[in-house]
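Participant: Listed here are the chains, written in short residue letters.
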Amino acid sequence: MSRHIGVVQFPGTNCEQDSIDTIKNLGGQAEILWHGSDTVGSVEAIVIPGGFAHGDYLRCGAIARFSPIMTAISRFANSGGVVLGICNGFQVLTETGLLPGALQKNVGLKFLCQMESLIVDSTSSAIGKSFKSGEQLQIPINHFEGNYVCSPEVMCELEANGQIFLRYESNPNGSIGSIAGISNKEGNIVGMMPHPERATSVLLGSMDGNRILSALFEGNVKNNS
Amino acid sequence: MSESLQNPSVYRALGLSDEEYNRIETLLGRIPNHLELAMYSVMWSEHCSYKSSKVHLKRLPTEAPWVLVGPGENAGVIDVGDGIAVAIRIESHNHPSAIEPYQGAATGVGGILRDIFTMGARPIAVMDPLRFGPLDDPHSRWIAEGVISGVSGYGNSVGVPTVGGEIVFDETYRGNPLVNVLAMGVLPAERLVLGQASGMGNLAVLLGSATGRDGIGGVSVLASAGFDENTDSSDKRPSVQVGDPFEEKRLLEACLELLEAGLAVGIQDLGGAGLTCATSETASRGGAGMDVDIRAVSLREVDMEPFEIMTSESQERMLVIVEPCNLAKVLEISDRWEVIADVVGKVTGDGQLKIRDGFDGPVIADIPAATLHDDAPEYERPLERPIDWFERQRVDAGLAKNSDYESDLLFMLRDSSWVYRQYDHQLFLNTVVGPGDDGTLLRLRDPRTGRETGRGLGMSTDGNHRWCCVDPRAGTKMLVAEAVMNIACVGANPMATVNCLNFGNPEHPVVMWQMSEAVDGMAEACIAFSAPIVGGNVSLYNETNGVDIAPTPVVGVIGMHPSLNTPPPGMGIRNGLTIIVLGQVVEKNVAMGGSRWAWDIADCRDGCLPEFDLDQAVKTASFVAGLVQKNSVSAVHDVGEGGLAVALSEMAIRGATGMTLDGLSDHRLLFNETGGRVVIGVETEKVNDLLEEAKAAGVPVETLGFSGGMKFTIGDVIDIGLDELTEAWRTELPDALGQGTVSA
Amino acid sequence: MTIWRVKVEVSPRSGIADPAGATIERSLPALGFENVQNVRLGKLICLEIEAENREEVEKLVADMSERFLTNPVIEDSYVEIFES
Amino acid sequence: MTIWRVKVEVSPRSGIADPAGATIERSLPALGFENVQNVRLGKLICLEIEAENREEVEKLVADMSERFLTNPVIEDSYVEIFES
Ligand SMILES: Nc1ncnc2c1ncn2[C@@H]1O[C@H](COP(=O)(O)OP(=O)(O)O)[C@@H](O)[C@H]1O
Ligand SMILES: [Mg+2]
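Chains as they are written, first to last, in our numbering: chain A, 1 to 225; chain B, 226 to 969; chain C, 970 to 1053; chain D, 1054 to 1137.
Treat the hints with caution; some may be incorrect.
As the list claims (entries may be wrong) - With a straight-line Cα cutoff of 30 Å, these simulated BS3-like cross-link-like pairs (lysine-lysine) come out:
| no. | chain 1 | residue 1 | chain 2 | residue 2 |
| --- | --- | --- | --- | --- |
| 1 | D | Lys1112 | C | Lys976 |
| 2 | C | Lys1012 | D | Lys1112 |
| 3 | B | Lys813 | B | Lys911 |
| 4 | C | Lys1028 | D | Lys1096 |
| 5 | D | Lys1060 | C | Lys976 |
| 6 | B | Lys920 | B | Lys813 |
| 7 | A | Lys110 | D | Lys1060 |
| 8 | D | Lys1096 | C | Lys976 |
| 9 | C | Lys1012 | C | Lys976 |
| 10 | A | Lys110 | C | Lys976 |
| 11 | B | Lys813 | B | Lys844 |
| 12 | D | Lys1096 | C | Lys1012 |
| 13 | B | Lys911 | B | Lys936 |
| 14 | B | Lys855 | B | Lys844 |
| 15 | D | Lys1060 | C | Lys1028 |
| 16 | A | Lys132 | A | Lys24 |
| 17 | B | Lys554 | B | Lys571 |
| 18 | D | Lys1112 | D | Lys1060 |
| 19 | D | Lys1096 | A | Lys110 |
| 20 | D | Lys1112 | D | Lys1096 |
| 21 | C | Lys1028 | C | Lys976 |
| 22 | B | Lys855 | B | Lys911 |
| 23 | D | Lys1060 | D | Lys1096 |
| 24 | C | Lys1012 | A | Lys110 |
| 25 | C | Lys1028 | D | Lys1112 |
| 26 | B | Lys844 | B | Lys911 |
| 27 | C | Lys1012 | C | Lys1028 |
| 28 | A | Lys185 | A | Lys129 |
Unchecked claim - Restraint-style ranges between C-beta atoms, simulated for each label pair:
| no. | chain 1 | residue 1 | chain 2 | residue 2 | range |
| --- | --- | --- | --- | --- | --- |
| 29 | C | Ser983 | D | Lys1112 | 25 to 35 Å |
| 30 | A | Asn25 | C | Lys1028 | 49 to 59 Å |
| 31 | A | Ser37 | C | Lys1028 | 57 to 67 Å |
| 32 | C | Lys1028 | B | Arg673 | 51 to 61 Å |
| 33 | C | Glu1035 | B | Gly424 | 32 to 42 Å |
| 34 | A | Ser117 | B | Asp361 | 28 to 38 Å |
| 35 | A | Ser37 | B | Thr678 | 44 to 54 Å |
| 36 | C | Lys1028 | B | Thr678 | 38 to 48 Å |
| 37 | D | Lys1112 | B | Pro587 | 29 to 39 Å |
| 38 | C | Lys1028 | B | Ala553 | 34 to 44 Å |
| 39 | B | Gly583 | C | Glu1035 | 56 to 66 Å |
| 40 | C | Glu1035 | A | Pro152 | 22 to 32 Å |
Everything labelled a hint here was simulated from the structure, so no lab data went into it.
Note that beta-carbon positions come from the ideal geometry of N, C-alpha and C, so glycine has one too.
In isolation and in its complexed conformation, chain A is listed as follows:
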């Protein structure tokens, strides 16, 4: 049975169509969740895609987090629904408080669009469980604010609870612990800076992203924690 995935669109989001195309190519169904909507309808998992919600003005995700759809997504996530935030989506999730920490400007103070080698760390999240710890993935990044920060206490918790999903092999942006992606404690909310939808075809140089997005289809997504 094909999965029904909701893809969130804020004004300024720009990776929604790429995410939808990828989900469809993988055999899933996708529908747009408009930022003004106060329900997620009948979707079985949610992607918050990349882009520049509300222009990223003030701070990435700062305005987007007040959208009606975010209230609905919080409800969905709190009842165990799987939510994957990619890039700007990750930033929105940290601003909303659904994921710990924050994303600040890259250490080199430049936007970076390039392929990165990622290493799977914890496999305990809804997405991580499709991988083996230590596996390497080739997935590009595309961000200015991807430098993950959190307090030392939060860092200890992330490590202890197996919340660190992905690390960069060679840290491009200064993230603490080379963190490229994390999950919440329950594992149903995942945020990552790299763009899996951009690594989905031989013509694009890598297929590793397909496995991340396919993970959204697997198992009983509502009760996997």
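Once you've looked at the hints, dock chains B, C and D with the ligands against the given chain A.
Facilitator: The following block gives chains B, C and D with the ligands in isolation, referenced to the frame of chain A:
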């Protein structure tokens, strides 16, 4: 008031000549008022009217069966099959970028994108040919860094990938950077819309940002009423345009949605000359007139005067012509995208552009719409070949000092990834070959369904001020060939060209000669490659303290890869390949004029270009594109700046593999920039077949050596470790631009 | 009702790395500015509020800067209010 | 030598469009903040300078903010200096 307007100092301050002013009086049959004069002055400016270049542009080839829309519209459009059309355009934002590099570049990107979605196309690619003063000049670095950040900041955020471009540093651009921006978009062929207003009673709706005093520039002299030079007008000083990619993104989505729904009769972006241009252009193209209500325009600042509103260049605005019955739907779409929509006018039948104070209010300007365009002056300015031209041509630019070839080579290597990794170059999942190789190659997908067509679009932008300074005609021919060769390296055959003519002061006869020569060279090459010109832009007055920039025509070529199943091989070589150069044969004593070597190492700006065989280049390009399409080579790279030695080094660096080569014994053979040549790396067992094929296709070949090892060796003149080569290539830009910059 | 001018200064929390500030600091010597240290780059938000009295403004702005203008994980804020 | 604390406030010049400020302003009502207007977003640069006297600091900072920290074509700056 009218007295002051007849006073020559008034219209001259607006940039109008006596002759031009008289023409306005004749056209109107009376003395123009403030507002009317402002409107004529912006529309008849060089920037909007092309008055100095028009006579020359007419000589460019513009037709082919696949050309749907040629020059003259907002963008050129070609038919790429399967019911898909491609819109493409290039523009310059040179002067704004010199003042505020970030915003100058940002608004350059914003402006060219509107040209594309005005045609009903979704923009899917931007390219940015950039030229700055020397890297060791802090101010030039400040401009470069600001411009690159501006392209990145705006392009990434608005959500259009920047997939290629150029970056050049040279003394000639010290006070006058060149910031050109190309954009390309796709649309279902049947949805093509043109910028015209027809149908009496239809409404003109202004969408997008509120209007401020942005970019009012020259016209702002009108602000100091009566032109009393002592009046303090500091609070009305012309202000710099600031880009808002978030507004543009919403505007883009709203416009495409209402075009998709068939709600627009016509649509036009607001660029140079703002509302004046958009209203008069839509009206006169549609053979109609328009009543414009100045009061209906949402303003960012209170107390703006009518001439300010009519000439403001505030960004992120579009004018849409709508049938009254569709207005509600248009407003609903703009509301959902949080875009301001003001009904600012209605289409009339009398051909007049009437500006009113209130919807049915008094008329404050009344101009025959078409006169703003059709009656704009057209000049055949005097042109003159430089007096020392022949003498300079006779100089042998290759005679200079006996230099150290290894250090020459290292000096000329540059990795531009510091620039393009700041650009999102992957959005929309089309980028098969992005920036950093020869041409860019994008998957061509159906804009209606997203389905792959199995084909690809190749794109490249190229300019070369050194070649064009030495010989504007032949140099322009060579740079068109270089662009074509770049896309051949990713398997594409050329279909169309856009161009940006960046030149100095057109009142200098030598500059007009350069432009005229460049146009002829471009015309010849575009005809030879069957890649007609579908659009372009002219940027004149690129000068600092009276010194003109070197002539810098820039072209963008787009072409088709007919069967895109695997990515092209790219320039990186691997072990065990035979290295072969294809194309025009080079004589031992080849001319070095205009080469990077002559210019930057031998410090010689004279001489002549190497012989260039255009017909041979046509054959070579099509042969190379064929090889790539059939996947029969393992590496491919065209020869450009720095000649063969640089091209070969780049292949070694990118493939992290050494080479042992022969046959290039001196600086002429190493570094000459003879056009139309391509280096390939071929598996040994395929070499014989390839040589046969090349012979049959009439393409000369020469085997240079083999790949392998960790050294880059050419005969006994060059022997450099791959590490050293790579380091020299990689570090130039980060070292220079990482140092920090200052604005003055 | 009075119009109050409000200035909210948002700066990186102490202890939190400030890459932007650090980058400015690093590039200063090359531009001829020596002896500069501890550069921190923050944001300045200026706005006007219509309200009856200062207390009301203070409450409003405190709430606004806590919930919206700053991200408390990485930023501190400081508010100044002027009657205009 | 004394260490001086310097605060440079950089904001968009009046008349210059400020898309970020405008976007923040537009979004405030939805967060429950009414009656807010003229929102402008600028930068705040804090730094420390070692110098003999205030005049020296003033000169240095004026130069730095004009040539490096701001582009005077679109931004205004305002400097405060404290002895620490
Ligand atoms: N400003 C830029 N923006 C994007 N890409 C750039 C820029 N400058 C250079 N590049 C990319 O770097 C590569 C090399 O550029 P260039 O040396 O001009 O190529 P060529 O000599 O083949 O024309 C190209 O792929 C080009 O697109
Ligand atoms: Mg090339």
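Participant: Given a hint of 57 to 67 Å, does the C-beta separation of A/Ser37 and C/Lys1028 actually sit inside it?
Facilitator: Given range 57 to 67 Å: violated, Cβ gap about 32 Å.
Participant: Going straight from one Cα to the other, do C/Lys1012 and C/Lys1028 come out at no more than 30 Å?
Facilitator: Holds - the C-alpha atoms of C/Lys1028 and C/Lys1012 are around 21 Å apart, at most 30 Å.
Participant: With the threshold set at 30 Å, check whether the alpha-carbon distance from C/Lys1012 to D/Lys1112 stays at or below it.
Facilitator: Distance ~24 Å between C/Lys1012 and D/Lys1112 Cα, so the pair holds.
Participant: When you take the CB atoms of A/Ser117 and B/Asp361, is the distance between them in 28 to 38 Å?
Facilitator: Once the Cβ atoms are compared, 35 Å apart, the range 28 to 38 Å for B/Asp361 and A/Ser117 holds.
Participant: Does B/Lys813 sit within 30 Å of B/Lys920, going by the straight-line distance between their CA atoms?
Facilitator: Judged against 30 Å, a Cα distance of about 22 Å means the pair holds.
Participant: Run the distance test for D/Lys1060 versus C/Lys976: straight-line Cα separation, threshold 30 Å.
Facilitator: holds (14 Å)
Participant: Taking the beta carbons of C/Ser983 and D/Lys1112, is their distance inside 25 to 35 Å?
Facilitator: Holds, at about 29 Å.
Participant: With respect to the beta-carbon atoms only, verify the hint that A/Ser37 and B/Thr678 lie 44 to 54 Å apart.
Facilitator: Given a distance of about 34 Å, which is not inside 44 to 54 Å, the answer is violated.
Participant: Within a Cα-Cα threshold of 30 Å, do C/Lys1028 and D/Lys1112 meet the stated pairing?
Facilitator: Violated - the C-alpha atoms of D/Lys1112 and C/Lys1028 are around 39 Å apart, more than 30 Å.
Participant: Tell me if the beta carbons of C/Lys1028 and B/Ala553 are separated by a distance inside 34 to 44 Å.
Facilitator: holds (42 Å)
Participant: Within a Cα-Cα threshold of 30 Å, do B/Lys554 and B/Lys571 meet the stated pairing?
Facilitator: At roughly 17 Å apart (the allowed maximum being 30 Å), B/Lys571 and B/Lys554 satisfy the hint.
Participant: Take the C-alpha atoms of C/Lys1012 and C/Lys976, compute the straight-line distance between them, and say whether it is at most 30 Å.
Facilitator: Holds. C/Lys1012 to C/Lys976 sits at ~10 Å (cutoff 30 Å).
When the structure is compared with the earlier hints, violations turn up for hints 25, 31, 33, 35, 36, 37, 39 and for no others.
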